[in-house]
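J.: Since chain A is already given, all that's left is putting chain B on it; use the hints.
Chains as they are written, first to last, in numbering that gives the first Met the number 0: chain A, 0 to 264; chain B, 0 to 180.
Looking from chain B toward chain A, a few residues come up when the C-beta cut is under 7 Å (computed):
| no. | residue |
| --- | --- |
| 1 | G118 |
| 2 | C175 |
| 3 | L176 |
| 4 | H179 |
Listing some non-contacts, in silico: residues in chain A with all C-beta distances to chain B over 10 Å:
| no. | residue |
| --- | --- |
| 5 | P70 |
| 6 | F76 |
| 7 | P89 |
| 8 | P216 |
| 9 | E218 |
| 10 | E234 |
Hint data in this document are derived by calculation from the structure and do not stem from the laboratory.
Built from N, CA and C at the ideal position, the CB exists for glycine as well.
Listed below, chain by chain, are the residues.
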Amino acid sequence: MNPTRREVLKDMAVTVGAVALAASGVEASAPGKKRKWGMAIDLDRCTACQACVVACRVENNVPVAGPSEIPADRGIFWMDMLAIQEGEHPEVRTQYIPTPCNHCDNAPCVKVCPVGATFQNEEGIVAQIWGRCIGCRYCTTACPYSRRYFNWTTPTFAESMKAQLNPDVATRPRGVVEKCTLCHQRIRGVKDKARNEGREIEDADVVHLTACSQACPAEAITFGDMADNDSTVSELARSPRAFRLLEELGTHPKVVYLREAKWKE
Amino acid sequence: MSTRNRNRLVVAGFAALALFAGGAAFAYSRYKAFMAPVPVTQPLPFNHKHHMDEKLGLTCDACHKGVNEGPHAGIPSVNTCIKLCHTDPQGTNPEEAKIREYAAKGEAIPWQQANRLPGHVYFSHVGHVKFGKMECKECHGDMKERTEPVLLSTTHRLDMDTCMECHKEKGVSNDCLQCHK
Numbered sequence: 000m001n002p003t004r005r006e007v008l009k010d011m012a013v014t015v016g017a018v019a020l021a022a023s024g025v026e027a028s029a030p031g032k033k034r035k036w037g038m039a040i041d042l043d044r045c046t047a048c049q050a051c052v053v054a055c056r057v058e059n060n061v062p063v064a065g066p067s068e069i070p071a072d073r074g075i076f077w078m079d080m081l082a083i084q085e086g087e088h089p090e091v092r093t094q095y096i097p098t099p100c101n102h103c104d105n106a107p108c109v110k111v112c113p114v115g116a117t118f119q120n121e122e123g124i125v126a127q128i129w130g131r132c133i134g135c136r137y138c139t140t141a142c143p144y145s146r147r148y149f150n151w152t153t154p155t156f157a158e159s160m161k162a163q164l165n166p167d168v169a170t171r172p173r174g175v176v177e178k179c180t181l182c183h184q185r186i187r188g189v190k191d192k193a194r195n196e197g198r199e200i201e202d203a204d205v206v207h208l209t210a211c212s213q214a215c216p217a218e219a220i221t222f223g224d225m226a227d228n229d230s231t232v233s234e235l236a237r238s239p240r241a242f243r244l245l246e247e248l249g250t251h252p253k254v255v256y257l258r259e260a261k262w263k264e
Numbered sequence: 000m001s002t003r004n005r006n007r008l009v010v011a012g013f014a015a016l017a018l019f020a021g022g023a024a025f026a027y028s029r030y031k032a033f034m035a036p037v038p039v040t041q042p043l044p045f046n047h048k049h050h051m052d053e054k055l056g057l058t059c060d061a062c063h064k065g066v067n068e069g070p071h072a073g074i075p076s077v078n079t080c081i082k083l084c085h086t087d088p089q090g091t092n093p094e095e096a097k098i099r100e101y102a103a104k105g106e107a108i109p110w111q112q113a114n115r116l117p118g119h120v121y122f123s124h125v126g127h128v129k130f131g132k133m134e135c136k137e138c139h140g141d142m143k144e145r146t147e148p149v150l151l152s153t154t155h156r157l158d159m160d161t162c163m164e165c166h167k168e169k170g171v172s173n174d175c176l177q178c179h180k
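Next comes chain A alone, as it looks inside the complex (with noise of 0.2 Å):
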C-alpha cells in the first residue's frame, strides 16, 4: 500500500537529481523545462494588514488559533507575521515581515525526515504527506525559520465554519507536522485550466495565485516560476533591494524579501 522504503528512496533520488540538474541552469532552457515556484514579498509595500494570514488560514483548512493554543505556543500558521525590532531605545522601528515557508532548494527538513514525508517535489515545493508523517518533528526542530508546525490536538473547526472547509486541501489528523505548500491545489487547477485550454500557463495565470497573495491590497506578495528569467517574481529576485532569510546558511530560500533600507538582524 505504501511505497516501499526503496521507491521512497529512489524518488528522493530522483528529486535531487532534477533539483541538481535544474540547479546547473540546464533544465531551463530546455523544451518542456521544469519549473521551480517561488514568492517574492516586497516589505516596503507591506502595511502588516495581516489579510495574508486569514487568506492562507481559509484556503488551507487551518484550525482557528484561539486562547487555548496560543498562550501553550501551539498555534498553526502557515502564513505569520513576524515582528522583528530594529534600533536601540528610544529610536525604535519594528519591521513585520510576512512569512509563509521558504521553500528552501536545500531544505533541511527534507533532510532529517527519517520517512520521506516530506520532500521537494519536481517543481521545487517543500511539501509534506500529511499521512506518510510519523510526528517525529524532527523537520520542525531543523527548520531555521519554524515554518512547520505540529499538530498536538486534533483539528477541530466550529460547527459554523464546516461547510467552508476547501474540499481540495485535506484536512490534517493529530499528530502529524503540517506546513504551507504553496497552494499547489491551485497550481494544479490553474494547470488544468491552461490544458483544457490548450495553452501553456503563463506568469499572468500565476502572479497572484496564492491565497496570501491575492488577499493582499498593497500587491506585496508575487507568486510565479523562479526558473523562468521572465517571470515577474524572477525579475524581482534580481532587484538590488531583493534579500533572502538567514541566506548565509546556505538554505536557498525561494522566498524573496524586497527592502530599501538595509538589513540588519
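T.: Relative to the frame of chain A, chain B by itself:
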C-alpha cells in the same frame, strides 16, 4: 532447572504464542474490514443499460459532465432528469415516479457516492479521460451493460500501488503531490 519449572516455561511459551497468533489474526481481520469497500444504498434503482441502449444512446459525458472539465465526474441533478425526459412517466417501473416527487419537493435525489478514495487523495477525471484519453471501462468496468444501481465501488482495486504502476508504465509523473492533497 527442575522439571516443574521447565513445564511452566513451556506452558507460558505456548500461551504467549497463542496470544500473539490471536492478536495477529484480530489485527488482520480489522485491517481487511478497514480496507474493504463500503457498501452504499441508492434511493432509486437507476439502470445504466436502459439509458445507453440503441433507443436512447446517451454517452457517459452527457450525464457525467465533469469528466471533460475537472476532477469530479458528477451526477446529473434532478432538474436535468426532468428537463430531458421525466416530465411524464417513462417505462413501467413504479419507482420512476419518485423522480417527479423529488423535483416537486425541490430536493436533490440523495445519490450516494460509491467510488470514493480516501480524503487525502486527489484524483482527476479530466486528467485521465480527456488528457490521458482513457476509457471509463478501464477503471469502472462495463457500465454500459449495468442494470443495477452502483452500490459498491467499482474502482476499489485502485490502491496506491496500482495507480503508480500504470503511471510508471505510461511515463506519467509519480510525484507524491500529484495524487495527494
